[in-house]
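Chemist: Spelled out from the first residue to the last, the chains are:
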Amino acid sequence: GEQVEQLPSILRVQEGSSASINCTYENSASNYFPWYKQEPGENPKLIIDIRSNMERKQTQGLIVLLDKKAKRFSLHITDTQPGDSAMYFCAASGNSGTYQRFGTGTKLQVVP
Amino acid sequence: GGIITQTPKFLIGQEGQKLTLKCQQNFNHDTMYWYRQDSGKGLRLIYYSITENDLQKGDLSEGYDASREKKSSFSLTVTSAQKNEMAVFLCASSIVGTGGEAEQFFGPGTRLTVL
Numbered sequence: 011g012e013q014v015e016q017l018p019s020i021l022r023v024q025e026g027s028s029a030s031i032n033c034t035y036e037n038s039a040s041n042y043f044p045w046y047k048q049e050p051g052e053n054p055k056l057i058i059d060i061r062s063n064m065e066r067k068q069t070q071g072l073i074v075l076l077d078k079k080a081k082r083f084s085l086h087i088t089d090t091q092p093g094d095s096a097m098y099f100c101a102a103s104g105n106s107g108t109y110q111r112f113g114t115g116t117k118l119q120v121v122p
Numbered sequence: 060g061g062i063i064t065q066t067p068k069f070l071i072g073q074e075g076q077k078l079t080l081k082c083q084q085n086f087n088h089d090t091m092y093w094y095r096q097d098s099g100k101g102l103r104l105i106y107y108s109i110t111e112n113d114l115q116k117g118d119l120s121e122g123y124d125a126s127r128e129k130k131s132s133f134s135l136t137v138t139s140a141q142k143n144e145m146a147v148f149l150c151a152s153s154i155v156g157t158g159g160e161a162e163q164f165f166g167p168g169t170r171l172t173v174l
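Residue numbers (my numbering), protein chains in the order written: chain A, 11 to 122; chain B, 60 to 174.
Since the hints were made in silico from the structure, they are not lab data. There may be inaccurate statements among the hints.
[As the list claims (entries may be wrong)] Calculated lysine-lysine pairs in the PhoX-like style (CA-CA distance at most 25 Å, straight line):
#1 A:Lys67 / A:Lys78
#2 B:Lys68 / B:Lys116
#3 B:Lys116 / B:Lys77
#4 B:Lys100 / A:Lys55
#5 B:Lys77 / B:Lys142
#6 A:Lys67 / A:Lys55
#7 A:Lys47 / A:Lys81
#8 A:Lys117 / B:Lys68
#9 B:Lys77 / A:Lys47
#10 A:Lys67 / A:Lys47
#11 A:Lys47 / B:Lys142
#12 B:Lys129 / B:Lys77
#13 B:Lys68 / B:Lys130
#14 B:Lys142 / A:Lys81
#15 B:Lys100 / B:Lys142
#16 A:Lys55 / B:Lys142
#17 A:Lys117 / B:Lys77
#18 B:Lys130 / B:Lys81
#19 B:Lys81 / B:Lys68
#20 A:Lys55 / A:Lys81
#21 A:Lys81 / A:Lys67
#22 B:Lys100 / A:Lys47
#23 B:Lys116 / A:Lys55
#24 B:Lys68 / B:Lys100
#25 A:Lys117 / A:Lys81
#26 B:Lys68 / A:Lys55
#27 B:Lys100 / B:Lys130
#28 B:Lys142 / B:Lys81
#29 A:Lys117 / A:Lys55
#30 A:Lys47 / A:Lys117
#31 A:Lys55 / B:Lys77
#32 B:Lys142 / B:Lys68
#33 A:Lys67 / A:Lys117
On a predicted model such as this, the values are computed, not experimentally measured, just so you know.
Isolated chain B (complex conformation) (with noise of 0.2 Å):
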């Protein structure tokens, strides 16, 4: 077994403010994932990565950045916080290299409130 940790569980902003998530996982996962989760929105994808130092698009990287700096840990930036944002963020990792044909483990999630 294994588990993904997010930091922080809760982060309040400014807007413009950057603001950085982090995430490890001790799964020895090669993919590791970040998602926003809105209300009525599903989960969309932000950025994804295949293995260490790779980042990859996903439908909603703009206005965020991600850095996989090792295959444990990937980090998810919001450039300029905006103003009455509100939404969960989550980490997911998988033992995929490349594609999607694996069950995602998730993390706990970072709650996002900008004021």
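Next up, chain A with everything else stripped away, as it sits in the complex (with noise of 0.2 Å):
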């Protein structure tokens, strides 16, 4: 199996607080894991990424973690303001001749 599973597909939080999106994967060999977020209208860009031999990444207010063994990783996203409101995607790949399978995305809604 290949797919990523995301939960949740919506997600509606107050200003300031903090916000989770959880994803699954399937292929044990999977190594690189990215989250792009995509505003309204937008292209998906990468925010954060985490590889395989990291159990956790902060940058700017984001922080992924990994759980290789549950095959599970999350992003956390710390003091969400308006400007987080966004869809986020999840995706995993592994080793050369696999590609990136996305989650199905969680619309973060950031409300004052």
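Bring the two chains, given one by one in their own frames, into a single complex with the hints.
Modeler: Written out as structure tokens, the structure is:
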């Protein structure tokens, strides 16, 4: 199996609180896990990624966690702002010969 | 830096029509991709290409053809447009020759409507 499951599909949070998005993957050979943000009317852009030699990565209010045993990875946005409202996609890819498979997306709404 | 351009931005077709979408990148990336984006279904890979004249099927290749004419360009053909079809087609590129272990850069998309 090569599917990537992403939950929740819609997430509504209060400004200033944190938001968490979870993804699971099936291919145990997967070793690269990017997260993309897509604002309305725009194309997806990479915001953070993690490779399988790490369990945690943090940059500018974003934290990604990777649990290889559970085949699960997650994105945590701390201190959410209205500008964080967007679609977020996780993806997973493995060694040469495979390609990134995307989750179905999470629509994040940050409300005042 | 670089840019990916997609033409046309909007494409309106008739049922059964053959439609072609074009993508150009100036990143000098080896690998290019075509995705279909439907509401609630994320990004589904149609075709990808790891070098000029190479073509690899993705999960959604049925009903589509693709062509990597040169390193910088990758075109997608909808072989027979389906009535009431609406979707956004995204082109992307990355530096990796095989596999997916690199950031993908996306174009602005082509929005398809079939009447």
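Chemist: Each hint should be assessed against the structure and marked as holding or not.
Modeler: Results of checking the hints against the structure:
no.	hint	result
1	A:Lys67 / A:Lys78	holds, 14 Å
2	B:Lys68 / B:Lys116	holds, 24 Å
3	B:Lys116 / B:Lys77	holds, 19 Å
4	B:Lys100 / A:Lys55	holds, 18 Å
5	B:Lys77 / B:Lys142	holds, 12 Å
6	A:Lys67 / A:Lys55	holds, 18 Å
7	A:Lys47 / A:Lys81	holds, 22 Å
8	A:Lys117 / B:Lys68	holds, 24 Å
9	B:Lys77 / A:Lys47	violated, 32 Å
10	A:Lys67 / A:Lys47	holds, 17 Å
11	A:Lys47 / B:Lys142	violated, 31 Å
12	B:Lys129 / B:Lys77	holds, 22 Å
13	B:Lys68 / B:Lys130	holds, 22 Å
14	B:Lys142 / A:Lys81	violated, 39 Å
15	B:Lys100 / B:Lys142	holds, 19 Å
16	A:Lys55 / B:Lys142	violated, 31 Å
17	A:Lys117 / B:Lys77	violated, 33 Å
18	B:Lys130 / B:Lys81	holds, 13 Å
19	B:Lys81 / B:Lys68	holds, 10 Å
20	A:Lys55 / A:Lys81	holds, 24 Å
21	A:Lys81 / A:Lys67	holds, 16 Å
22	B:Lys100 / A:Lys47	holds, 15 Å
23	B:Lys116 / A:Lys55	holds, 23 Å
24	B:Lys68 / B:Lys100	holds, 21 Å
25	A:Lys117 / A:Lys81	holds, 22 Å
26	B:Lys68 / A:Lys55	holds, 19 Å
27	B:Lys100 / B:Lys130	violated, 29 Å
28	B:Lys142 / B:Lys81	holds, 22 Å
29	A:Lys117 / A:Lys55	holds, 15 Å
30	A:Lys47 / A:Lys117	holds, 10 Å
31	A:Lys55 / B:Lys77	violated, 30 Å
32	B:Lys142 / B:Lys68	holds, 20 Å
33	A:Lys67 / A:Lys117	holds, 22 Å
Comparing the model with each earlier hint shows violations of hints 9, 11, 14, 16, 17, 27, 31; every other hint is respected.
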